[in-house]
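Colleague: Single-letter residue listing:
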Amino acid sequence: DAGITQSPRHKVTETGTPVTLRCHQTENHRYMYWYRQDPGHGLRLIHYSYGVKDTDKGEVSDGYSVSRSKTEDFLLTLESATSSQTSVYFCAISAGPGPTTDNEQFFGPGTRLTVL
Amino acid sequence: AQSVAQPEDQVNVAEGNPLTVKCTYSVSGNPYLFWYVQYPNRGLQFLLKYITGDNLVKGSYGFEAEFNKSQTSFHLKKPSALVSDSALYFCAVILSGGYNKLIFGAGTRLAVHP
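Here the protein sequences come in this chain order: E and G. Just so we're aligned, residue 2 is where the first sequence starts under the numbering used here, counting upward by one. Just so we're aligned, residue 5 is where the second sequence starts under the numbering used here, counting upward by one.
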């Protein structure tokens with residue numbers, strides 16, 4: 002978890018409320034990712050970033066948006082939270098584009114989000 | 005479509021015995037494979053990866069994995085399990101299309117009993 006922090010670590014919110022999760026890194030890595038972890042599904046990619054202001058969708062992006070205004074910060078926003086977005090959210094970083102170099106991803110400690 | 009399968013939800017092994025956690029994959033092109041471990045209330049930690057070369061890959065904490073192209077498998081192994089190895093293990097593969105995107109298996113919970 003070194004070099005990657007996520008905030009908040011726990012959040013309970015109500016349906017329809019906007020929520021923003023923050024990922025902060027001190028490694029100066031170019032690539033950043035948001036995943037959600039749900040039982041039976043492993044981790045699924047929500048959005049990713051390949052540079053400041055450069056982002057794209059992953060496999061489960063509906064209902065989520067992201068922003069990256071600085072190398073070190075990657076924000077995930079749930080525009081209007083739903084109960085199906087109750088999950089544990091992980092941020093990850095990697096130094097390079099892969100697949101043969103710098104392709105390990107390093108993960109933050111996670112944010113547990115509950116939507117009531 | 006690219007995918008990763010971990011056929012066992014849970015693996016139970018006695019301390020000191022060898023352990024195997026199974027992973028099979030389906031990819032287009034060359035497979036770039038990873039194993040991660042997750043301890044309770046923690047993020048994922050990188051264990052090892054296969055990119056090319058020797059089919060037996062050695063990683064952290066005494067773990068190794070064997071890449072088998074004909075069986076499209078990448079099983080995680082350890083010769084002698086420790087109670088402290090008890091955790092959730094994920095196999096992953098890099099998706100085609102660049103940007104180092106990973107697709108994960110559903111995970112296998114390893115329980116090592118004293």
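No lab work stands behind these hints: they were computed from the structure. Everything numeric in this text was worked out from a predicted model, so none of it was measured. Glycine residues also receive a C-beta, built at the ideal position from the N, C-alpha and C atoms. Do not take every clue at face value.
As the list claims (entries may be wrong) - If you want the ones that stay clear, here's a sample from chain G, every Cβ over 10 Å from chain E, calculated:
| no. | residue |
| --- | --- |
| 1 | I55 |
| 2 | D58 |
| 3 | N104 |
| 4 | G109 |
As the list claims (entries may be wrong) - Short, incomplete list of chain G residues facing chain E, as computed with Cβ under 7 Å:
| no. | residue |
| --- | --- |
| 5 | Y43 |
| 6 | P44 |
| 7 | L48 |
| 8 | F50 |
| 9 | Y54 |
| 10 | G57 |
| 11 | F71 |
| 12 | F94 |
| 13 | I98 |
| 14 | K105 |
| 15 | G111 |
Colleague: Examine each Cβ of chain E, and state whether all of them lie more than 10 Å from the Cβ of D58 of chain G.
Modeller: Answer for D58 of chain G: holds, closest chain E Cβ roughly 15 Å.
Colleague: Test the statement that N104 of chain G is away from the interface with chain E: the closest C-beta pair must be farther apart than 10 Å.
Modeller: violated, 4 Å
Colleague: Is the claim that G109 of chain G lies outside the interface with chain E correct, judged by CB distances over 10 Å?
Modeller: violated, 5 Å
Colleague: Quick check on F94 of chain G please, does its C-beta sit within 7 Å of some C-beta on chain E?
Modeller: Given a least distance of 6 Å, the restraint on F94 of chain G holds.
Colleague: So, as I understand it, the hint says F71 of chain G touches chain E; can you test that by seeing if any CB pair is closer than 7 Å?
Modeller: violated, 15 Å
Colleague: Answer holds if the nearest beta-carbon of chain E is closer than 7 Å to that of I98 of chain G; otherwise answer violated.
Modeller: Status holds, d = 5 Å.
Colleague: Just want to verify: I55 of chain G was marked as not at the interface with chain E; is every Cβ pair farther apart than 10 Å?
Modeller: Its Cβ does come within 10 Å of chain E, the nearest being 5 Å, so this is violated.
Colleague: Classify the hint on F50 of chain G as holds or violated, based on whether any CB of chain E lies nearer than 7 Å to its CB.
Modeller: holds, 5 Å
Colleague: Per the CB criterion, is L48 of chain G less than 7 Å away from chain E?
Modeller: holds, 4 Å
Colleague: Answer holds if the nearest beta-carbon of chain E is closer than 7 Å to that of P44 of chain G; otherwise answer violated.
Modeller: Hint on P44 of chain G: violated, closest Cβ of chain E at ~11 Å, above 7 Å.
Colleague: Minimum Cβ distance from G111 of chain G to chain E below 7 Å?
Modeller: Constraint on G111 of chain G satisfied, holds at 5 Å.
Colleague: Can the hint on Y54 of chain G be confirmed by a CB-to-CB distance to chain E that is less than 7 Å?
Modeller: Violated, because the Cβ-Cβ distance from Y54 of chain G to chain E comes to roughly 11 Å (cut-off 7 Å).
Comparing the model with each earlier hint shows violations of hints 1, 3, 4, 5, 6, 9, 10, 11; every other hint is respected.
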